[in-house]
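J.: Below, each chain spelled out in residue letters.
Protein chains: 2
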Amino acid sequence: MNSRHTYSFNTGDGKNKALLGGKGANLCEMTQMGLNVPPGFVISTETCLSYLQQNSLPAGLMDEVRRQIAGIEELTGRQFGGNSDPLLVSVRSGAAISMPGMMATILNLGLNKQTLAGLIEMTDDPRFAYDAYRRFIQMFGKVALGIDDEKFDVHFNTVKRNAGIKADVALSSDQLQEISELFLKVVHEETARPFPEDVYDQLELAIKAVFLSWQSHKAVAYRRAFNITPKIANGTAVNIVTMVFGNMGDDCATGVGFTRNPGTGENEIYGEYLVNAQGEDVVAGIRTPKPVQEMRSEMPEQYRQLQNLRHKLEAYYREIQDFEFTIERGVLYCLQTRNGKMNAAAMVKTSIDMVAEELIDKPRALLRINPESLEQLLHPQLGLHHNRQPLAQGLPASPGAASGKCVFDADTAVRLAKTGADIILLREETKPEDIHGFFAAQGILTSRGGKTSHAAVVARGMGKACVAGAEDIHIDVRSRLAIVGDIHIKEGDPITIDGSSGNIYLGRIPTIPSSFSEELKTLLAWADSVARLRIYANVDTPETARLAIGYGAKGIGLCRTERMFNACDRLPLVIDMILANSTDERETALAKLFPIQRDDFQTLFEAMAPHPVTVRLLDPPMHEFLPSEHQLLEELEALRHYLTIVKGRRIAMETFNRPCELPAPFNQLGKEVIMEAIAKKELMLAKVLELYEVNPMLGHRGVRLGMSYPEIYKMQIRSILEAAARCLKQRIQIEPEIMVPQVITAQELKKVKEMVEQIRAEVEDQYRLKLDFKFGTMIETVRACTRADRLAEIAHFFSFGTNDLTQAVFSFSREDAENKFLPLYKESGILEDNPFENLDIRGLGKLMKMAVDLGREQRPDLRIGICGEHGGHPRSIRFCHNLGLDYVSCSAPRIPVARLAAAHAKLLEGQSL
Amino acid sequence: MNSRHTYSFNTGDGKNKALLGGKGANLCEMTQMGLNVPPGFVISTETCLSYLQQNSLPAGLMDEVRRQIAGIEELTGRQFGGNSDPLLVSVRSGAAISMPGMMATILNLGLNKQTLAGLIEMTDDPRFAYDAYRRFIQMFGKVALGIDDEKFDVHFNTVKRNAGIKADVALSSDQLQEISELFLKVVHEETARPFPEDVYDQLELAIKAVFLSWQSHKAVAYRRAFNITPKIANGTAVNIVTMVFGNMGDDCATGVGFTRNPGTGENEIYGEYLVNAQGEDVVAGIRTPKPVQEMRSEMPEQYRQLQNLRHKLEAYYREIQDFEFTIERGVLYCLQTRNGKMNAAAMVKTSIDMVAEELIDKPRALLRINPESLEQLLHPQLGLHHNRQPLAQGLPASPGAASGKCVFDADTAVRLAKTGADIILLREETKPEDIHGFFAAQGILTSRGGKTSHAAVVARGMGKACVAGAEDIHIDVRSRLAIVGDIHIKEGDPITIDGSSGNIYLGRIPTIPSSFSEELKTLLAWADSVARLRIYANVDTPETARLAIGYGAKGIGLCRTERMFNACDRLPLVIDMILANSTDERETALAKLFPIQRDDFQTLFEAMAPHPVTVRLLDPPMHEFLPSEHQLLEELEALRHYLTIVKGRRIAMETFNRPCELPAPFNQLGKEVIMEAIAKKELMLAKVLELYEVNPMLGHRGVRLGMSYPEIYKMQIRSILEAAARCLKQRIQIEPEIMVPQVITAQELKKVKEMVEQIRAEVEDQYRLKLDFKFGTMIETVRACTRADRLAEIAHFFSFGTNDLTQAVFSFSREDAENKFLPLYKESGILEDNPFENLDIRGLGKLMKMAVDLGREQRPDLRIGICGEHGGHPRSIRFCHNLGLDYVSCSAPRIPVARLAAAHAKLLEGQSL
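Note that the protein sequences, when read in sequence, are chains H and Y.
Note that the numbering used here gives residue 560 to position 122 of the first sequence, counting from 1, and the numbers run on in steps of one.
Note that the numbering used here gives residue 1095 to position 657 of the second sequence, counting from 1, and the numbers run on in steps of one.
Hints are supplied without guarantee of correctness; some may be wrong.
Since copy identity is lost for identical chains, a pair holds within one copy or between any two.
Computed cross-link-like contacts, SDA-like style, restricted to lysine to any residue with a CA-CA straight-line distance of at most 25 Å [stated by the list, open to error]:
| hint | residue 1 | residue 2 |
| --- | --- | --- |
| 1 | 461 | 1275 |
| 2 | 1188 | 661 |
| 3 | 1152 | 686 |
| 4 | 869 | 1066 |
| 5 | 1125 | 913 |
| 6 | 869 | 1134 |
| 7 | 869 | 1129 |
| 8 | 1287 | 1203 |
| 9 | 1188 | 662 |
| 10 | 1189 | 1266 |
| 11 | 1125 | 1067 |
| 12 | 800 | 1345 |
| 13 | 1344 | 805 |
| 14 | 1188 | 1261 |
| 15 | 623 | 554 |
Note that these hints are calculated values from the structure, not bench results.
Let the hints inform the model, and build the full structure from the sequences given.
T.: Here you go:
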């Protein structure tokens, strides 16, 4: 406990928020850096605690206060309680942490009958003076004396009513005087004493009131709600500041400013001001403020002061500032300043500029930008002033805005897209088989599923806009309608979706295209030179691979081979493979798939050369490639119906969700063709029932498929290795890697490794060359974490699949949890975050650490990365950095975010997460 | 490397199997304990390795061999290669680990023209001698000289054919002589040398042949298949033993014996013998052996020797022995002995007897019994000689045999059981709603699901026989038929199932009832006094609680409250509760359930008093209490059909799987009643669709329900605490415990704890007493393991739910894995065990250790147990003991197993698992 209670703005320690509160410290700091701040002083938070404990002000406090007031009097040449040119002060609370509106404030303190007269004389504006007076009486009455607002309001309203006046501003000086006198009576009646005329009495009461407000019901509740413990903020300081007025005449003004343009980042002053006005006039919106640039002609000297202020602020804070100012009788005062909020583009530009101006260094330029904000730079945005009301809202599942024609299935999307139309694909939910529709569409809208549903994950991977789980929209594929209340949206009708907000609009709304500016490129190059983590992309096609390279990916950390299975020309082959009843039949189907996959890999390797490409072997359960039981039953019913009526007539292909499987052309369907289709559908139905799983997430998938049907994995391995061999033949430098999913034991890896080695020998023989590639494993089961030492005996690299790992660690099915109980869990604070969005460091993180430690113990040069969704999230990236991972792999549009976050991780090393 | 190569039976170290092989060490041991073993010696495994390495016998070996043979000659008074009374020996392989049939053996070595004459003279039995001779030539020719059996067999068969003889035993002495001469010719032709006449040449060749057989193709393959590494067995020893013959006359015999009756454990000699016979005569089955008791009159002196042998064996081995003997000219030789295999009842009885006889101490009495074997004592078994062929086979899901009438739904089972009929419940698979059918039935048979399916788990919990996943049986509930191929089994037809083997039989087969003998009780009491782990039961009803107490349970470690929800009088209330659309509606339904649950708990507490009863709050997802979508659609279709035809006629209630929900009586159904039923079913259908989950295992269940619908948990908590209060009022001493399932974070526990504390205060107030109970958590999610320190701040106890934990650690859905890929994983050695049966110590075990360490760090007196299925498995119990757990909880019939296993765990502390 300091023996001193008060600190003038000239002497208080601007960094000591704990002692002086946030506002007080800020005022001290501003004063000491030479800004023109109205003189004042701070009573410390310690004094507050002492008062609350002792229930009386510490001895000597009021003496100190008098000395401080004397100091202000000297600085301002005014006198507290003086007859002419009286000193008025504000008395404000200010804790170490801002608690807006929670505690007491009193303005215009120091007014009494005498000083009022002095004020009138000084300003020659009785209306101004009485307005200030009546406000002070009510505020003081309420805050310091505990009188209900209502007691004052009743008189105020009576005067207004009697005068036939609606707006407060219409009240005349006389009416305000009448009100002031009525208010003084109220105080006398309610407190059985006259209103305190002695200004130090006023001040003492006000100080006590501010102290007590720390323990008011609402302040206590606020601290509890925001978890503000005594360690974070303990007690409030009291700030006593000279009142300055922007409304004392035409040499007065009030305004707000930014040191640079927060919309563009341009290095120019930006802001608005009003002559002869108070701050609240700006808020009330009665007068329209002018851009500060107009001050240059209207108030040239003050404009110079303002520019001077701007430079001082930036030189001191080394950050764009958002400040408030008042001009009283030609003198500019700075009342408050804080870091300016800007959009991402402006943040990037100012970072680059400030480094060029040598205002900040590169680490600071990187650290001042929130990595998350960069994603908005990569997607088209809705124009700001479209003024449309959203038709419905879903979850903002993949950022960006898109307009286009509604389409209800992937095949139609592909067909219409070929005509050059923009498409929005609407589905209840999407499945892997819809993937060609994603490519064709500008945006995806689903009525079911969460932010990590198939639609959301795939759309994010492709950088397409997606709104998911818009439950108010009923999507009726059969009748080709989307229904919201009374509104029916037909196929072909235009809509707009905003994947950044989740809003859905009828009709088209113009969008602002994305920008990957030179400044952003420069900034990210700085980030790369700082970061230790490498950034890879989760990418499945040559197109997105090129996009990822453009964004700065240094490799592919995850290529999901199954995504290649879903194109229209492949799916029938995949289905044949699944329907196969013997290894022989399956191998026949696989033989057809083989050249397609090989060519896919070759194109991908070429696109990414010379960077590494990590190919994951087949992961999803086989039933994911088949339609649902429900859908097959419907299609069979329809086919059987057509069988009874077919006579060369056209069959409505709209009946089928996936007409690409049906024999074409439909208008020439003969009986035999339909019967064949029925037989095929029946086979598919039988297979669907055979493959049914209670918990597909924990089912027959990943390497388990590779163990049951080694011929599938062998086909994929051969595709990868032959693709690699073909690249080598063309002297393209590549780095292929084979990755095994869902591994739980080294035995699985060993068996896949045996396949790989056998096929490697065959391919090397066939192409007469030596192949060089890595073999590794996903770490996405809990058991893999616990057995990482054994896995590292075989694997060259690990890649954490934190999506699946999170499900296993929490025993949460992602699809179910996000629809059923996760919202409640977050709301009620059972979980701080959605663990599918924010990596669960305290639980899952322990397992990751176990895996890293065990793995590196076995193989010190083991390369370790992460390819779950978390790989693109800054906090998770920091954790991965601290854990010693080598790379993170994320969807293409997250790459800039990840590059910056990786630099942050390095710069913030050692600081707690 | 020892400089010595050979060890006579008198001097070899009977414990050194690595050096002398298993058989050689056994022969040394028997000799040195004073048994009459035919004299002989062993050539060490080291010598074998040296030979294989150098490709020549070590210098001096054959000299040593000659000295050993000289020793035998002295002991037997016979001469190796002698003219009269010749010494014949067997030359056998014998590695440290028995590899039956894998390596070489030669009998009757030492025969040549000279010694043959001597043998004829000595035995006066030329047929015997020639038979021995021709066998020796062929065996030696094959093993030592590498001649194909076929070369000999062709001559043998020609002689037989020419003589018109079918059976070998019918060959005369002359014919055998002719064969011998032909065989000698074969050897000469094949090796271009005459058959070796010098007996030491014979011996040297035989020794080399045995050594080489260690590296034969089949021996190498065997070692690879059974994972016999050089560390376990390296090289084979050679055993050279004097031949003794049980077929030299009527003072000769051969036989096998047990030192006690292996069927009953009675302390009496048990065995069979044949006079004037060879061991292979017993095997050939041409003559019927006599019980050894007959020797008492037939060969009194030899019977005395036999009794003497029995006592010596038991005194030495302190274990029941299974031995082979031969009597040659009135002298009994013991050729081999090993521990006797007995059924569980006999094991228990002999343990008790041997302790009484002071032959063994109690630890040894406990350790000699395999805990697993005790379960067979608790279940009825099929009579051994029923000779029926099984109709089909499923998985042995819950042990014991049961016969009864086929029934296809739980309600009918209950109805028929009331008439006194025995019931076997047949279902495709069971759901919790079938639970009343389990109580009514003697056994359960399902056509789908694995050993840990609902049917299996529940049946084991109740100690009822269950065969699960009998996929060859098609169960058609609608037509009330079970179909296997052409066979149609109607409702009411009798069948028998054997849950120990998985077999299913048509008709009834008598069963042998279970026995929980006094001896078993004594043994388990000894076990309890040794064990540190306490044994609790997983039990849900007062009946099974009483059963568990009878088996020795010291508490209930898991009472699944949802099991109480499924009785016919409760399910409709539960369904109302689920259909409720508001908290109010739900509370109304819960208010009806409340007194039922309270009374359930009271009865259970009373049944278990004064032992602890751990009640787990509701765990399964709500949709488990509703019928499937499929079933509801069918029922609705039927109801709608009836609506069109109903005119007071009886409706076939068989249409409904669960008629108990429908309004009754059916024969008076009016239109309104049916419409009401339709409305209800439609509501249920809508709810089923609403509650649908992609992965129910990872869905809205456990404490997540408690968070979403606190009113359900509150009702259960109040039921438990009021039941406790009522017991206390009656001065019944009880120990109630409340356990929360599926916990992932301390926040969940905190919230449930708040409910508990609030209700505790209310109940204490209402009943005017103080309640004393524990509050704890299941550890069945991975995250709970990683956050165990935080959980232990709130929980008094942990209980590992290793079923769910295994699913999460492996990312295996139990139901899917056991049907789809686990069998392959076990067959191909990817996993050593089914982790749902054998706790995965290397993976899951690490997490358990983490949880125990973190939990006890926070709360040193934290009580920790396990209530997964693994809690009843000996190896898992040893692991739990080593981990420092306090108790294991298992299904009632596993309690004896667990009690013994807990004693083993203590006795084997420090030994590797």
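J.: Tell me the hint numbers this structure goes against, listed in increasing order.
T.: 1, 3, 8
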